[in-house]
Amino acid sequence: MIRVYHNSFFAMGSRFNAVFPSNDEEVCEHIFNSIQHEVLRIESKLSYFYPGSEVNKINKTACKSSVKLDDELFTILETCMNYSEITFGAFDITLRPVIENIEQNDKASACAGQSHLHQIELDRINKSVRFSSDEVKIDFGGFGKGYALEKIKLYLDNSPLENVFISFGESSIYGKGRHPHGDCWTVGIKDFFNTNGSLHLFDLSDSAISISSNYYLNDSGELHSKVNVINPLTGKPADGVSIAGVKSDSALEAEILSTAFLVMEDAQIQETINMLKRTEAVKIRYSGITPVKKFYNRT
Amino acid sequence: MEDIFLINRREFLKKISLIAGSTAALASMPWLKIFDNDTFTGQASDKVRLGFIGIGDRGSALLQNVLAFAGLLNVEIAAICDNYPPNYERAVKFTNGKAKAFYNYADLLKMKDVDGVIIATPLHEHYRITMDALDAGFHVFCEKSMARTLDDTKKMYDEHLRTKRILQIGHQRVFSPVYLSAVQKIHGGDLGRITHMRAYWHRHGDWRRAVPKGRPELEKKINWRLYNSFSAGLFTELLSHQIQVANWIKNSFPVSVSANGSLIYWKDGRDVYDHIACLYEYPDNSQFIYDSITTNKHYGCEEQILGTKGSMELELNKVYKEKPPEPPAILQLINDIEKEVFETIPIGGASWVPETAANTKGDYITGNYKMDETKLQLEAFVHYIREGKAPEELPVQGYYATVWSLLAEQAANTRQCLKLDDKYRI
Chain V
1 MIRVYHNSFF AMGSRFNAVF PSNDEEVCEH IFNSIQHEVL RIESKLSYFY
51 PGSEVNKINK TACKSSVKLD DELFTILETC MNYSEITFGA FDITLRPVIE
101 NIEQNDKASA CAGQSHLHQI ELDRINKSVR FSSDEVKIDF GGFGKGYALE
151 KIKLYLDNSP LENVFISFGE SSIYGKGRHP HGDCWTVGIK DFFNTNGSLH
201 LFDLSDSAIS ISSNYYLNDS GELHSKVNVI NPLTGKPADG VSIAGVKSDS
251 ALEAEILSTA FLVMEDAQIQ ETINMLKRTE AVKIRYSGIT PVKKFYNRT
Chain X
300 MEDIFLINRR EFLKKISLIA GSTAALASMP WLKIFDNDTF TGQASDKVRL
350 GFIGIGDRGS ALLQNVLAFA GLLNVEIAAI CDNYPPNYER AVKFTNGKAK
400 AFYNYADLLK MKDVDGVIIA TPLHEHYRIT MDALDAGFHV FCEKSMARTL
450 DDTKKMYDEH LRTKRILQIG HQRVFSPVYL SAVQKIHGGD LGRITHMRAY
500 WHRHGDWRRA VPKGRPELEK KINWRLYNSF SAGLFTELLS HQIQVANWIK
550 NSFPVSVSAN GSLIYWKDGR DVYDHIACLY EYPDNSQFIY DSITTNKHYG
600 CEEQILGTKG SMELELNKVY KEKPPEPPAI LQLINDIEKE VFETIPIGGA
650 SWVPETAANT KGDYITGNYK MDETKLQLEA FVHYIREGKA PEELPVQGYY
700 ATVWSLLAEQ AANTRQCLKL DDKYRI
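Chains as they are written, first to last, in the numbering used here: chain V, 1 to 299; chain X, 300 to 725.
For reference, chain V alone in the conformation it holds in the complex:
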């Protein structure tokens, strides 16, 4: 019987779980520790909340003067700007002030159209950033877990582990190889109102899936709403009950697109999917308690 190494830790406000079907506990422990180290490094750099993070420093000073960035952070910002373009502005790293305003004041209507993405000035020659307004705050909340998984994916490519399943916050999943008793890792999106059933199945093999929703099920199966999913075009929380799931070879791309697709219209989602390779998506909108599913792949 094959043994299963399992370990977990807290990071990015979520729980990170790694499942390694392997009999070599020592190797698994070493790989897990390396992964944990890398995830925590990324968190300490990208966190909006850590006082000493790079992002926090940028948010405090970039409105006053240009802030020189290291290669990693400059690439991250550039990537975010590019994905904003291909998602028609739906992916937006400047929405944190809107969320905070809603959480504190519950005045969603007053915040419409408060994206500040256009006020981020990237200097590609000097690799620096400057904000043209002191209202700009960047937040990698819809990016960090996918970025971390992408880094992990690269690390695992060179590891002796053939099969790996990683769940980051139960919303960002990466599967390397296959389930030991199957030919892939099959992941099913739970139906909020019929938790025994799956709304859609994704088969993962060296690929990732990310799920975004404006609601979530807790461990006890109870449905809760979230306020941190904002439509940047309206400045309001996404309405209705919706789930967007994206499968991609890139964990980062899956993460970014699932956030964006949650607030995008069907035609735009299809247009975005057509720009990408090996990416597919599903969006479920509930009509009452009845799920209505639409699937997107490259046409």
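This list has only true hints and no planted wrong ones.
Partial chain V-side listing against chain X, Cβ under 10 Å, derived:
| no. | residue |
| --- | --- |
| 1 | P21 |
| 2 | F165 |
| 3 | I173 |
| 4 | H181 |
| 5 | G182 |
| 6 | D183 |
| 7 | W185 |
| 8 | T195 |
| 9 | N196 |
| 10 | I209 |
| 11 | I211 |
Calculated pairs, EDC-like style, for lysine to aspartate or glutamate (alpha carbon to alpha carbon, straight line, at most 20 Å):
| no. | chain 1 | residue 1 | chain 2 | residue 2 |
| --- | --- | --- | --- | --- |
| 12 | X | K622 | V | E43 |
| 13 | X | K411 | X | D434 |
| 14 | X | K638 | V | D24 |
| 15 | X | K638 | V | E25 |
| 16 | X | K346 | X | D412 |
| 17 | X | K638 | V | D183 |
| 18 | X | K622 | V | E25 |
| 19 | X | K454 | X | D431 |
| 20 | X | K520 | X | E424 |
| 21 | V | K60 | V | E135 |
| 22 | X | K608 | V | E25 |
| 23 | X | K718 | X | E580 |
| 24 | X | K608 | V | E29 |
Per the computed footprint, the stretches of chain X lying under chain V, defined by three or more beta-carbons under 8 Å from a beta-carbon of chain V, are:
| no. | stretch |
| --- | --- |
| 25 | 619 to 626 |
| 26 | 629 to 642 |
Hint data in this document are derived by calculation from the structure and do not stem from the laboratory.
No residue lacks a Cβ here, since even glycine has one placed at the ideal position from N, Cα and C.
Since the structure of chain V is already known, use the hints to place chain X on it.
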């Protein structure tokens, strides 16, 4: 289990005589099943008549606690005693002159119809009064620590055995729902192996009580905690509480103690340390680190229990797991792989963020409660007298808490690592 601590105490006390021994009683008296090794000590009685010896600050608090439940629990404050007139007069007032009042405890001990005495005098007086009270046939509740010396402490314990009277020492945390729940969970393995403990009690103040103007001869009587003829200061007055908790958690007693002490700030004539630090070792080689200071209160009072699976902060009623709770989907996946089953892995469709953020800040060891542990320990004393029996582990815990506090004082004075002489083992 948790909701029991929300019950109305008054309602509970009205019913207590009817439900004693029932599940409901256990729920309302969380201490009822602690240390499951009752020792029979005498005949049960109905009305419990108590005498109070020493009614200063602590004694007054104990008296008022008993007065609060006396009517409901059929308790009579039969006698009071204090040799300091202001305390004596205050106690007479508290009891509306109904209790017999004495200046000399020996006179109180001549009373034939008193079941038990509650002793809250300065530490150095505990030994003589407790010995006399036990010898006279009284059950005794004595505030911690037990005595000023190891020999006196041992004699007190032996006298309790000889006379077959209850001897309960004032370690109120033993009766706290939080500590009871914590110990139950720790002994049940919730924190894994307990590999380390830390505790501290930090205060900012000179620890003095006001001495009446023009009466300097009362200084040592009132501020007895500051003079080592009467007290070991921070060792016997604060550390003793927390070493008791550590012993209880470990379910064993230390094998050695190293300590240090310094008098670096309050140079006002006192001769006890105003800062102490101790290091205890337990039989499994784990350590308990302790310090108590009087010049900074930022960190307050805490006992931190550190295990391989989690940590507890007992004063804060908080528990922290080393790892997050397992998501059901992951548990199912592991189970499937081990059973050679290939199934879909369900995911909830969204992040777990809101809950996780709360859990990383720790969970409560037990639910909210409104029960005062000082009152609970006194209710327990009444209960034990009425039943005519008490768990023997209570005086054992009190004994070793005092012994290891006094040994820490000796270690600090000698700058040596000390072990307990076999003659003090019980």
